[in-house]
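Participant: Chain by chain, the residues:
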Amino acid sequence: MENAGHPPSATLKVSALSFAYPGGAEVFDRLSFAAKPGEFVALVGPSGCGKTTLLNLLSGFLAPDTGSVSIGGADAAPENPALGYVFQTPNLFPWLSVLENIRFGLRMAGGLSVARQREQARHYLALVGMAETADLMPHHLSGGMKQRVALARTLALEPGLLLMDEPFAALDAFSRLQMNDELLRIWSATGPTIVFITHDIDEAIFLADRIVILGLPPDGIAGEVNVDLPRPRERIATRGDRRFSEYRSELTRRIGEIANQSGRNKKPIIHSGVQTDVTV
Amino acid sequence: MSSTPAYGSALPLPTTERRRLKWPKPSWGWASLPALLIVWCIAASQVPIYVLPQPWDVVAEGYRWIASGELFPQLGASLLREAGGFGAATAVALVLGLGAALSSGFRDFIAPLNSLFVSIPPIAWAPLSMIFFGIGYVSITVVIFISATFPMAMTIQEGALSIPAGQLRAARTLGASRAQLILHVYLPASLPFITTALRVGFSQAWRALVAAEMIGASQGIGWMVATGGQTGNTAEVLLGIALIGSIAWLMESLVFRRIERRYASWRGQ
Chain A
521 MENAGHPPSA TLKVSALSFA YPGGAEVFDR LSFAAKPGEF VALVGPSGCG
571 KTTLLNLLSG FLAPDTGSVS IGGADAAPEN PALGYVFQTP NLFPWLSVLE
621 NIRFGLRMAG GLSVARQREQ ARHYLALVGM AETADLMPHH LSGGMKQRVA
671 LARTLALEPG LLLMDEPFAA LDAFSRLQMN DELLRIWSAT GPTIVFITHD
721 IDEAIFLADR IVILGLPPDG IAGEVNVDLP RPRERIATRG DRRFSEYRSE
771 LTRRIGEIAN QSGRNKKPII HSGVQTDVTV
Chain B
46 MSSTPAYGSA LPLPTTERRR LKWPKPSWGW ASLPALLIVW CIAASQVPIY
96 VLPQPWDVVA EGYRWIASGE LFPQLGASLL REAGGFGAAT AVALVLGLGA
146 ALSSGFRDFI APLNSLFVSI PPIAWAPLSM IFFGIGYVSI TVVIFISATF
196 PMAMTIQEGA LSIPAGQLRA ARTLGASRAQ LILHVYLPAS LPFITTALRV
246 GFSQAWRALV AAEMIGASQG IGWMVATGGQ TGNTAEVLLG IALIGSIAWL
296 MESLVFRRIE RRYASWRGQ
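So the sequences go chain by chain: A and B.
Following the working numbering, the residues of the first sequence are numbered contiguously, the last one being 800.
Following the working numbering, the residues of the second sequence are numbered contiguously, the last one being 314.
For reference, chain A alone in the conformation it holds in the complex:
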């Protein structure tokens, strides 16, 4: 890729963050962690550990009770230009064509001429391998294709930090493998810091430099695993690596231990009445 000028990746810094839902128990108690520029961090944990709450705090949709979140030196806010967010569902705008969806953020920001905006949108559409679909409407696309467009729409703003909330959870197993390959290729071409939430342990190992395990509230981080697998990673070779299965056993065991506590003294949190998928 000819991306000598791609934007600097941002540092994510979470300092002593505490948060409780109004009238609810504490979800996080003085949680701290950081992601280095360009690092790929996966967040895993059992159901109800507060993954989605944490993402809402990192993106500024929720404000912490105490402590702070800083992205590239600025406070967390959804509108922070250093922040990109890829959701579980593509959330494309159905009244805009694929290309116009990708141009949306550039249009909001202003600055560039319309021609430059289109050019940049086309560049990122091609990057996710969807150049031919520029003029289609979102309802013409399959689920996986929509999620690619959503990724391109976020990347078009060249964010320094990419938050990804189980972005491929709704896809079938094969499309998910394919999207994992694509994501690594795109990441190596554009280089943002990525915080990737998943309940799929294999996906976490395959993608991440470092896996952060969340415990049940209000424990916060229960542990970390550095994934020492060579890059570039290959769909077959990486998963066939002996260390891959070792990481998998270790993570399965540790997350299982956390999940088992929930029956005794810890309560998983349930946000907006929706339980996320069962892990392990």
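Don't read these hints as lab results, they were simulated from the structure.
Nothing false has been slipped in among the hints.
Reference listing, derived: stretches of chain A covered by chain B, where coverage requires no fewer than 3 residues with Cβ under 8 Å from a Cβ of chain B: (1) 597-609; (2) 625-636; (3) 673-681.
Computed beta-carbon distance windows for the label pairs: (4) B:Leu206 to A:Ala635: 32 to 38 Å; (5) B:Glu203 to A:Lys533: 39 to 45 Å; (6) A:Ser633 to B:Arg223: 22 to 28 Å; (7) B:Pro157 to A:Glu599: 33 to 39 Å; (8) A:Ala629 to B:Leu236: 21 to 27 Å; (9) A:Ser633 to B:Pro209: 28 to 34 Å; (10) A:Gly593 to B:Ser298: 57 to 63 Å; (11) A:His643 to B:Gly121: 52 to 58 Å; (12) A:Asp692 to B:Trp294: 45 to 51 Å.
Positions of the beta carbon are idealized from the N, C-alpha and C atoms, including for glycine.
Fit chain B to the supplied structure of chain A, relying on the hints for placement.
Facilitator: Positioned in the frame of chain A, the structure of chain B alone reads:
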């Protein structure tokens, strides 16, 4: 990039193909108007012409109105009032509906007013309006305005509230300010509901217009129907009714349904 899926797989539309193979289902919709005309002719042949004239008598009456140059001022007066009342109602309903969708406080405030005004038949306001504004353009337009504004505001509010939260969140993370959110997400996402609101509002306004004109006006289609009744000219009454029906039908099927259909493809998403 070699691993991208085949795009063709998502594009064909299997439902239309399956429909083509099926034998077309006969529709009897075309027969209803001729059937009504036949019943009308038979009924009219049994009674004197001043009770129920034949359809061709009504056509002849229409020709007389056109030839004398009397018809178009009546039509023009009605359409002008409709345009004024409906136009003002659209503007106010957009503000009320979008405002109520954006602010829960305003939504709570406006909800009782909405249900109050929707439950009162608009024609009940006509005598009051005529005392306030006198007989003429303003008093009838005000009645139309009241009749159309609140159903439209409620439709727009419901539509704007049904915008998926994910789209709003996505727009915010893409850097949209509050004003941009309204202009570039709330408004386009509400367009299907706004067109539905326009259709609902137009027909409400049209009914209120005819009713108000029958009570207090010196011209207009409603006035035509009312004077026809007072002078025992049943052909004039039926001509007025036919005009009222055809204009409503024309607007409904040629204008609003067409606009609505444009959004049908993505409305369910």
